[in-house]
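There are 2 protein chains.
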Amino acid sequence: MTLERSNIAAMQGYAPGEQPQDPNTIKLNTNENPYPPSPEVAAALSGFDVASLRRYPNPVANEFRQVAADLHGLSLDNIIPTNGGDELLRLMLTTFVAEGEVVATTKPTYSLYPVLAAIQDATLREIDLDAEWKLPGDLIQQLREMKAKVFILVNPHAPTGSLVTSAVIAEIAENFDGLLVVDEAYIDFVDPALEHDCVPLLHRFDNLLILRTMSKGYSLAGLRFGYGLAAKNLAAPMLFKTRDSYNTDAISQRLAATALASQDYAKSTWDRVRQSREEVFAALNVLGLACLASQSNFLLCTIPDSIGAPRAYTMLKQEGILVRYFDQERLRDKLRISIGTKEENDRLIKALTTICKGNSSAR
Amino acid sequence: MTLERSNIAAMQGYAPGEQPQDPNTIKLNTNENPYPPSPEVAAALSGFDVASLRRYPNPVANEFRQVAADLHGLSLDNIIPTNGGDELLRLMLTTFVAEGEVVATTKPTYSLYPVLAAIQDATLREIDLDAEWKLPGDLIQQLREMKAKVFILVNPHAPTGSLVTSAVIAEIAENFDGLLVVDEAYIDFVDPALEHDCVPLLHRFDNLLILRTMSKGYSLAGLRFGYGLAAKNLAAPMLFKTRDSYNTDAISQRLAATALASQDYAKSTWDRVRQSREEVFAALNVLGLACLASQSNFLLCTIPDSIGAPRAYTMLKQEGILVRYFDQERLRDKLRISIGTKEENDRLIKALTTICKGNSSAR
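So the protein sequences, as listed, match chains A and B.
Residues 30 to 392 in this note's numbering are what the first sequence spells out, letter by letter.
Residues 30 to 392 in this note's numbering are what the second sequence spells out, letter by letter.
Calculated from the structure, these hints are not laboratory results.
Mixed in with the good hints, there may be bad ones.
Which copy is meant is left open, so a pair is good if it fits within one copy or across any two.
What the hints assert, rightly or not - 30 Å max Cα-Cα, derived DSS-like pairs, lysine-lysine:
| id | residue 1 | residue 2 |
| --- | --- | --- |
| 1 | 346 | 270 |
| 2 | 270 | 176 |
| 3 | 386 | 163 |
| 4 | 296 | 270 |
| 5 | 379 | 270 |
All chains should be built: construct the whole structure from the sequences, respecting the hints.
Structural data, given as structure tokens:
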């Protein structure tokens with residue numbers, strides 16, 4: 030007997046990046062922060078009263094929401110706490126997209142979006158980025174013609190690391206009739222000199238939902254905590270209707286609030302990641318492995334055909350270094366490499382140097 | 030601009046029970062376990078390596094699933110780990126119920142089910158319990174006539190605490206074409222002398238999904254961890270397609286696995302709750318507040334019209350004692366009271382004694 034909905038029976042699930050057990054493996058495949066959470070988070074964990082766990086948590090994570098509201102200059106009504114950023118995406122689709130409605134995103138993009146659209150039985154439409162991986166000039170027109178209910182844009186972009194300016198985001202929000210979701214999972218790694226900030230746009234647009242996560246910038250991928258930022262009316266149904274009634278737990282709420290309040294520590298990790306990113310970028314270019322300039326904590330680098338990206342992936346894996354290969358159009362000659370600690374990056378460059386040399390001497 | 034789906038715009042959200050800040054309040058309103066989690070859980074929490082949080086957790090909580098599989102005599106494929114039992118219910122609807130399909134449940138029942146059905150834009154059908162709060166004799170026929178895709182049965186029942194035998198569960202599973210969901214949130218409080226056990230039915234029926242939670246029996250409501258038990262084919266789409274890719278966090282996985290392995294400690298708390306339940310039951314009856322016999326960790330007691338349930342609720346609240354009142358058909362003359370510690374129960378009985386005496390002297 031098959032009881033699944035037909036769309037569920039027909040779809041494929043999301044494939045998470047590998048999580049190796051071997052502690053010596055260098056994990057540059059899922060864009061985790063290479064540095065541990067802040068010392069304050071460690072203190073909050075060891076000070077947590079286990080007896081309090083017998084009671085239900087605050088349903089809407091008020092302690093966390095207050096910290097987030099203060100940080101972003103917003104109010105509690107604008108903060109939607111979620112069990113990882115992924116939950117916000119699912120919640121957004123549940124709340125705003127009925128069966129058959131159109132969910133638009135770019136191609137390529139974060140590979141979870143099509144999976145979530147399939148679960149909701151929505152119609153997925155992918156908008157090709159241009160030759161320079163930028164949004165097409167007729168984006169708004171395309172969104173209108175396809176009658177998109179939602180447009181999901183990951184910014185900085187995955188897997189290229191490129192950044193769309195807040196002026197362009199504002200233009201989309203202003204001219205698009207549907208809901209604009211900006212997934213800022215990697216926002217913390219943007220160069221502060223750019224003064225990029227989309228949060229003020231929330232005061233102007235009630236069709237804008239910004240996604241933030243504690244997984245990358247705050248070194249808490251294992252904790253599952255993210256949040257949405259939106260105008261009050263947009264946030265309300267997710268906060269008070271469609272969210273699982275107790276979607277975040279008491280320990281996560283406390284640790285996430287503590288981490289978000291530890292801004293100085295978090296920023297110090299972002300600085301180190303950015304510095305390493307430029308070093309790895311330069312070293313890869315020296316090796317002839319061209320990278321796109323990235324505002325994120327990963328680099329998308331092109332592997333020469335003479336080596337081949339799948340082969341480079343396998344050779345790195347044999348050296349105990351995991352990176353990400355996407356078997357997708359425009360990405361089959363590329364690897365996405367997360368920025369690690371200095372030691373991890375050095376081992377990566379050394380391994381790639383050997384692979385490139387082996388290749389040139391074999392010719 | 031309203032962007033919500035029409036069913037979301039039309040619905041009301043779930044109202045969680047009150048969570049008072051005052052530590053002196055006696056909280057007998059949300060069926061939490063009055064005893065703390067096991068000492069092993071405290072040890073697991075203090076031994077947790079905070080640095081490991083920078084990495085993603087195991088996507089399917091394999092450590093927890095192994096403990097659960099061993100406990101229930103099942104395999105990993107039969108265990109669906111979720112962010113609280115509530116997530117399993119939502120996941121079940123997402124996976125098996127399309128817009129407009131029929132979700133059946135009893136009336137009354139756990140008040141979350143109608144909310145989740147509304148979110149999924151399913152058609153909710155409520156089947157009246159008989160005068161003795163038992164399932165109607167023509168249940169199967171009713172389910173067939175209403176073309177139910179899913180039937181959700183909370184067992185022991187909420188808010189009455191009555192238990193449907195495993196023989197009846199088997200009969201429903203055998204004769205119902207849809208999915209039978211048995212919500213066993215309160216199963217741990219059933220008298221062991223009854224030898225009630227529905228888990229073996231999973232070997233016979235591939236349309237049976239059993240819900241378990243760590244919130245009540247394991248004193249971990251604050252942790253948000255539950256799980257489903259089902260035949261492999263029924264579990265697979267929830268495990269590998271519709272579940273948020275990392276739905277449970279690393280700390281919760283470790284603590285839930287530890288708590289589930291601490292069977293002796295957990296059973297000691299269930300024994301104490303059962304003993305207190307019988308004491309409170311007897312004391313309420315002496316006061317003229319008739320209770321239904323309960324196999325759960327709460328009692329549904331009838332308040333005489335001369336006092337009135339809403340008024341008794343308010344008077345208890347003024348004494349710092351929270352219980353649950355449901356403004357629903359057949360429940361407006363009743364209060365649902367969770368079993369607390371001996372001291373909490375004594376204060377409850379004392380307060381109710383005063384309320385009853387004040388009432389009789391006022392006449």
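Do the hints match the structure? See the list:
In this assembly of identical chains, the alpha carbons of residue 346 and residue 270 lie at most 30 Å apart only when taken from different copies (27 Å versus 45 Å within one copy). When the C-alpha separation of residue 270 and residue 176 is checked against a cutoff of 30 Å, the pair qualifies both within a copy, at 26 Å, and between copies, at 27 Å. When the C-alpha separation of residue 386 and residue 163 is checked against a cutoff of 30 Å, the pair qualifies neither within a copy, at 33 Å, nor between copies, at 77 Å. Taking the shortest alpha-carbon separations for residue 296 and residue 270, neither the intra-copy value of 35 Å nor the inter-copy value of 36 Å comes in at or below 30 Å.
Proximity of residue 379 to residue 270 under the C-alpha cut-off of 30 Å is found in neither arrangement, the shortest distances being 52 Å within a copy and 38 Å between copies.
This entry does not satisfy hints 3, 4, 5, going by the numbered hints stated previously.
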